[in-house]
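Asks: Take the given structure of chain A and dock chain B to it, following the hints.
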Amino acid sequence: MSTLLRLATAGSVDDGKSTLVGRLLHDTKSILADQMDAVERVSRERGLTGADLALLTDGLRAEREQGITIDVAYRYFATPRRSFILADCPGHVQYTRNTVTGSSTADVIVLLVDVRHGVLEQTRRHLAVASLLRVPHVVIAVNKIDLVDYDEATFRAVETEIRHVADGLGLIDVTVIPVSALIGDNIADRSDLTPWYSGPALLEVLEELPTGDDPSHQPLRFPVQYVIRPQSGAVDERYREYRGYAGRIAAGVVRPGDEIIVLPSGKRSRVAGIDLADKELDEAYAPQSVTLRLIDEIDIARGDLIATAEDSPRPTRDVDALVCWLAERPLHEGARVLVKNGARTVQAIVRSLDAKLDLDTLVGQPAERLELNDIGRVRLHLAADLPTEPYARGRHTGAFLLVDPQQAGTLAAGMVVSADPDSGDDTDWVI
Amino acid sequence: MSTDFAPYLDDAPTRPYELSQLDVLESEAIHIFREVTAELERPVLLFSGGKDSVVMLHLAAKAFWPGKVPFPVLHVDTGHNFPEVLDYRDRTVERLGLTLVVAKVQDYIDDGRLAERADGTRNPLQTQPLLDAIAAGRYDAVYGGGRRDEEKARAKERIVSLRDEFGQWDPRNQRPELWDLYNARHRPGEHVRVFPLSNWTELEIWRYIERENIELPSLYYAHERDVFRRDGMWLSDSPVSRPREDEPVVRKVVRYRTVGDMSCTGAVESDADSVAKVIAEVAATTLTERGATRADDRLSEAAMEDRKKEGYF
Numbered sequence: 003m004s005t006l007l008r009l010a011t012a013g014s015v016d017d018g019k020s021t022l023v024g025r026l027l028h029d030t031k032s033i034l035a036d037q038m039d040a041v042e043r044v045s046r047e048r049g050l051t052g053a054d055l056a057l058l059t060d061g062l063r064a065e066r067e068q069g070i071t072i073d074v075a076y077r078y079f080a081t082p083r084r085s086f087i088l089a090d091c092p093g094h095v096q097y098t099r100n101t102v103t104g105s106s107t108a109d110v111i112v113l114l115v116d117v118r119h120g121v122l123e124q125t126r127r128h129l130a131v132a133s134l135l136r137v138p139h140v141v142i143a144v145n146k147i148d149l150v151d152y153d154e155a156t157f158r159a160v161e162t163e164i165r166h167v168a169d170g171l172g173l174i175d176v177t178v179i180p181v182s183a184l185i186g187d188n189i190a191d192r193s194d195l196t197p198w199y200s201g202p203a204l205l206e207v208l209e210e211l212p213t214g215d216d217p218s219h220q221p222l223r224f225p226v227q228y229v230i231r232p233q234s235g236a237v238d239e240r241y242r243e244y245r246g247y248a249g250r251i252a253a254g255v256v257r258p259g260d261e262i263i264v265l266p267s268g269k270r271s272r273v274a275g276i277d278l279a280d281k282e283l284d285e286a287y288a289p290q291s292v293t294l295r296l297i298d299e300i301d302i303a304r305g306d307l308i309a310t311a312e313d314s315p316r317p318t319r320d321v322d323a324l325v326c327w328l329a330e331r332p333l334h335e336g337a338r339v340l341v342k343n344g345a346r347t348v349q350a351i352v353r354s355l356d357a358k359l360d361l362d363t364l365v366g367q368p369a370e371r372l373e374l375n376d377i378g379r380v381r382l383h384l385a386a387d388l389p390t391e392p393y394a395r396g397r398h399t400g401a402f403l404l405v406d407p408q409q410a411g412t413l414a415a416g417m418v419v420s421a422d423p424d425s426g427d428d429t430d431w432v433i
Numbered sequence: 145m146s147t148d149f150a151p152y153l154d155d156a157p158t159r160p161y162e163l164s165q166l167d168v169l170e171s172e173a174i175h176i177f178r179e180v181t182a183e184l185e186r187p188v189l190l191f192s193g194g195k196d197s198v199v200m201l202h203l204a205a206k207a208f209w210p211g212k213v214p215f216p217v218l219h220v221d222t223g224h225n226f227p228e229v230l231d232y233r234d235r236t237v238e239r240l241g242l243t244l245v246v247a248k249v250q251d252y253i254d255d256g257r258l259a260e261r262a263d264g265t266r267n268p269l270q271t272q273p274l275l276d277a278i279a280a281g282r283y284d285a286v287y288g289g290g291r292r293d294e295e296k297a298r299a300k301e302r303i304v305s306l307r308d309e310f311g312q313w314d315p316r317n318q319r320p321e322l323w324d325l326y327n328a329r330h331r332p333g334e335h336v337r338v339f340p341l342s343n344w345t346e347l348e349i350w351r352y353i354e355r356e357n358i359e360l361p362s363l364y365y366a367h368e369r370d371v372f373r374r375d376g377m378w379l380s381d382s383p384v385s386r387p388r389e390d391e392p393v394v395r396k397v398v399r400y401r402t403v404g405d406m407s408c409t410g411a412v413e414s415d416a417d418s419v420a421k422v423i424a425e426v427a428a429t430t431l432t433e434r435g436a437t438r439a440d441d442r443l444s445e446a447a448m449e450d451r452k453k454e455g456y457f
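Residue numbers (the working numbering), protein chains in the order written: chain A, 3 to 433; chain B, 145 to 457.
For reference, chain A alone in the conformation it holds in the complex (with noise of 0.2 Å):
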């Protein structure tokens, strides 16, 4: 059986996203005969001749009213050599937040590119988003290749366009593929119509990239999220006197006797055992969900984190960070948030906005507020320790949600540039 591949599509509104995704199912067999059916009768009854890919995946009724992509779609896809779960992202700029949703979790973001109309202001955005999000890999996928006749020129200028703009983002794993989605070039197979490309097709690099990276280089982080004591809740008798810290391995490796230290305590302990349910296991890695038992009965509670004794954060109450403002009303200074960083929600702070990152330049500039889908950087003072490091360090424990205290909804996708401010560099969009 195969590994999961988290996908996630992105690009310009009308640049045939809907189409590519309806084609990567339609290739991989991944489209079952009612629901072909039902895009058959509906493309019939609104007079079009053949069949709406887009219409498999617009499922809610006002996309299919006006034809465009709302929400972030979730799809599912197979090959022999692989399954593939696919966030179908949407075009338009007001849904970019959705963009960083399906991002956030994505290790490759396809961005389509139509090769009539090259590098957009939503091209750039959305590869600024891969970019801060350090999703592993990126693939371009340059669209619409039928409608220039198949031209090398016309797709190695494109080519050296998105080039230019991924090197200046420090986007290193970047592929670009020639394709057209309507009619399947380069899409699961390699197109004779393109001698000139040399590359895989899509469907091919896919299939290949590595997913995750190998947690054994990495030191361990477990935010404990629930502590496990059934006392007369057990199972069963034997159960009475458990005790275990429950939670998914962020990062790294475990095993029975490793050292340990519980942030933000610092207290020192020794792994007593691992639990998978019923099952004892000699070791576990990420992104598993276990339960860890420790030698010592120390206090911990949920929220705390538990790291490898010799290469462990700092806990910080100021943090310099990115962040994607996903909200209608705008960031000011001196806002109050809550930070949602592993099983950890602490109030804060905006002390500072120190800039917003412009996105034709792809530098920072001055900016008094940041505004819906605006990337800005921010310095935060948050109101207890947070044992937190750099996003580049690791995905999930440098990731955080700003979250309002009020209303309750999510504001912002947060990266952890620096826990430690005034060693940080203002300039740095790159992190």
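Accuracy of the hints is not assured; some may be wrong.
As the list claims (entries may be wrong) - Now the in silico label distances, taken between C-beta atoms and shown as ranges:
| id | chain 1 | residue 1 | chain 2 | residue 2 | range |
| --- | --- | --- | --- | --- | --- |
| 1 | A | Arg231 | B | Tyr161 | 24 to 32 Å |
| 2 | B | Asp450 | A | Arg83 | 33 to 41 Å |
| 3 | A | Arg83 | B | Pro392 | 41 to 49 Å |
| 4 | A | Asp216 | B | Arg331 | 38 to 46 Å |
| 5 | A | Leu283 | B | Arg386 | 52 to 60 Å |
| 6 | A | Glu42 | B | Glu368 | 32 to 40 Å |
| 7 | B | Arg186 | A | Pro212 | 41 to 49 Å |
| 8 | A | Ala410 | B | Ala280 | 20 to 28 Å |
| 9 | B | Glu334 | A | Glu285 | 37 to 45 Å |
| 10 | B | Arg159 | A | Gly336 | 45 to 53 Å |
| 11 | B | Pro227 | A | Lys269 | 53 to 61 Å |
Simulated from the structure, these hints should not be mistaken for laboratory data. Quantities reported herein were computed from a predicted structural model and do not represent experimental measurements. Here a beta-carbon is modelled for each residue, glycine too, at the ideal position from N, C-alpha and C.
Replies: Relative to chain A, chain B alone:
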């Protein structure tokens, strides 16, 4: 459902420190159960005895082992349930020592709060008893077994999805959901619906049932049954789903892919009488689970979306 968590047989990853697909999905679901249960006051799990809710309960038992599942289960009983499923439900609740809350559509029909529909189906009638039960129990998190692969409106669902004080879903204004950080906060009167199986497909549910050796109600496996044909589906001949004059009853070997309201859940012709045979059948099918067996989803192009907006799960 078995109490022991049997090891998986053929799901070996290809390199060291890589998790298999089922392990990734299991780990994610357990994480979601623990997060939401830790953060909210009064969770409840929707449990119908159907395969998805059975897998949910199995995962919840794993998440909190060796403690018991720390929340009650809620069943919205349409009054048109399969007797095998009710029997299974009661045995499972008893074995795991859980509290079962039942909201009965029949009670609403009997006292006039709801009217029977002309087409006889009671699935759309579940919404009000569900919302009333949530209000009465003051539940702030409702775990459901919905999967995004089931239906195109469900493909749009967040894992943790806010419902307003009327139980309504607003698909155009969903919270962004980032990394594995779930924001389950809400204002008084609101609640969240939580879908730990969001990323599972029907095939993965069955592979997991095989791997974990989970018992299911017998009607998921091939058996002989008196059925009649309606709208391209085989419906069970039962006191709550009677054939019309032009619908002859025949005895067939069938099984169910979903178990809902008897009056609108169709059986499929199948000789798959074991988990392995069901997996082979699901892997080769050309029809989706709901397309094959759910009459109520055929009511309109947006039937599920419309029901979900009203508060259906």
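Asks: If a hint holds in the structure, say so; if it doesn't, say that too.
Replies: Against the structure, the hints:
1. A:Arg231 to B:Tyr161: 24 to 32 Å: 30 Å, holds
2. B:Asp450 to A:Arg83: 33 to 41 Å: Because 39 Å falls inside the window, the suggested range holds.
3. A:Arg83 to B:Pro392: 41 to 49 Å: Holds - the Cβ-Cβ distance for Arg83 of chain A and Pro392 of chain B, about 47 Å, lies within 41 to 49 Å.
4. A:Asp216 to B:Arg331: 38 to 46 Å: 43 Å, holds
5. A:Leu283 to B:Arg386: 52 to 60 Å: Distance hint for Leu283 of chain A, Arg386 of chain B holds at roughly 54 Å.
6. A:Glu42 to B:Glu368: 32 to 40 Å: 36 Å, holds
7. B:Arg186 to A:Pro212: 41 to 49 Å: 42 Å, holds
8. A:Ala410 to B:Ala280: 20 to 28 Å: 23 Å, holds
9. B:Glu334 to A:Glu285: 37 to 45 Å: Holds, since Glu334 of chain B and Glu285 of chain A (Cβ atoms, about 42 Å apart) stay within the stated range.
10. B:Arg159 to A:Gly336: 45 to 53 Å: Distance hint for Arg159 of chain B, Gly336 of chain A holds at roughly 49 Å.
11. B:Pro227 to A:Lys269: 53 to 61 Å: Taking Cβ atoms as reference, Pro227 of chain B and Lys269 of chain A lie about 55 Å apart, which means the hint holds.
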